[in-house]
Amino acid sequence: DAGVIQSPRHEVTEMGQEVTLRCKPISGHDYLFWYRQTMMRGLELLIYFNNNVPIDDSGMPEDRFSAKMPNASFSTLKIQPSEPRDSAVYFCASTYGGALIETQYFGPGTRLLVL
Amino acid sequence: KQEVTQIPAALSVPEGENLVLNCSFTDSAIYNLQWFRQDPGKGLTSLLLIQSSQREQTSGRLNASLDKSSGRSTLYIAASQPGDSATYLCAVPTNPGYSTLTFGKGTMLLVSP
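So the protein lines, in turn, are chains A and D. Residue numbering for the first sequence follows my numbering, starting at 4 and increasing by one per position. Residue numbering for the second sequence follows my numbering, starting at 947 and increasing by one per position.
For reference, chain A alone in the conformation it holds in the complex:
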C-alpha cells in the first residue's frame, strides 16, 4: 500500500479564500483522523471518522472548518473563509480498530500558509 496520501502538499492562499485539503487513507482502515500542527500548540486533533461517520468534531476550531468523508477512500477538510491564523501543517492519519489496538499511520501533511 502507498500509505496515507494527502494533497496538496503545500498551499499558499490569501485571507478569505476557500481551502480544501484532501486525504486518501490506507485501504482497509476504518478510522480517519485530521490533525493540525503548530509550533505553539503542537499536534491537535480536529475531527475523526469511524466507518465514514464523523464521531467527534469537538476539536474543529470554528464553523469555518468542515470535514467530510463521502466514502472509505476519501476525505476532505475545508476552511472557508481562511484566515492567517489557520496557517499550520494539517495531517491526515488512519488506522484499523482505533487507538486501543493499532498505531496510527500519518500522511506527509499539507503545509498551509494563509497570507
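Just to be clear, a hint being listed does not mean it is correct.
[Said to hold, decoys possible] For lysine-lysine, the following DSBU-like pairs were computed, each having C-alpha atoms within a straight-line distance of at most 30 Å:
id	chain 1	residue 1	chain 2	residue 2
1	A	81	A	27
2	D	1051	A	27
3	D	988	A	27
4	D	947	A	71
5	A	27	D	1014
6	D	1014	D	947
7	D	988	A	81
8	A	71	D	988
9	D	947	D	1051
10	D	988	D	1051
11	D	1014	A	81
12	D	1051	A	71
[Unchecked claim] To spell it out: a stretch of chain D is covered by chain A in this simulated footprint if at least three of its residues, at any positions, have a beta carbon under 8 Å from a beta carbon of chain A; those stretches are:
id	region
13	990-1004
14	1049-1057
Keep in mind that the hints were calculated from the coordinates and are not lab data. Don't be surprised by glycine CBs; every beta carbon is placed ideally from N, CA and C.
We have chain A already, so just place chain D on it with the hints.
Positioned in the frame of chain A, the structure of chain D alone reads:
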C-alpha cells in the same frame, strides 16, 4: 483531561552517546503508549507501541519503558547516530476506551557527527 508533557524540548548530543527522552501523562488509566518519530517536513512514523500490560518494548537501538503508576515513559536510544536526528513524540489514548490520541509537543533531537 489527559495531558502529555515531554522533557526536554530539545536535545543536542554528539554521535555515539546514549540518551533518554522523557514523557509524562496525567491520567494513568491508559491502554497503551506510543512513541513516534517526525522528520522535518514529514509526517509521523510510529516507532514503538507499549501495551499497558507491558513494561517495555525494544526495536533495534530503541527501548521504550512504561510506568503507568507514576505516569511516565522513557525512550532510550543507544549509540546515537546523526540519522536519529528528528523530533520524537509520545502519545496516549485521550481517554480510556477512546479511539483518539493525545500527543506531547515532542523532543527535538540533534545528533552531531
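Against the structure, the hints come out as follows:
no.: 1; hint: 81/A <-> 27/A; verdict: 15 Å, holds
no.: 2; hint: 1051/D <-> 27/A; verdict: 26 Å, holds
no.: 3; hint: 988/D <-> 27/A; verdict: 17 Å, holds
no.: 4; hint: 947/D <-> 71/A; verdict: 27 Å, holds
no.: 5; hint: 27/A <-> 1014/D; verdict: 35 Å, violated
no.: 6; hint: 1014/D <-> 947/D; verdict: 16 Å, holds
no.: 7; hint: 988/D <-> 81/A; verdict: 21 Å, holds
no.: 8; hint: 71/A <-> 988/D; verdict: 24 Å, holds
no.: 9; hint: 947/D <-> 1051/D; verdict: 16 Å, holds
no.: 10; hint: 988/D <-> 1051/D; verdict: 15 Å, holds
no.: 11; hint: 1014/D <-> 81/A; verdict: 38 Å, violated
no.: 12; hint: 1051/D <-> 71/A; verdict: 27 Å, holds
no.: 13; hint: 990-1004; verdict: holds (count 4)
no.: 14; hint: 1049-1057; verdict: holds (count 4)
Hints 5 and 11 from the earlier list are contradicted by this structure; the remaining hints agree with it.
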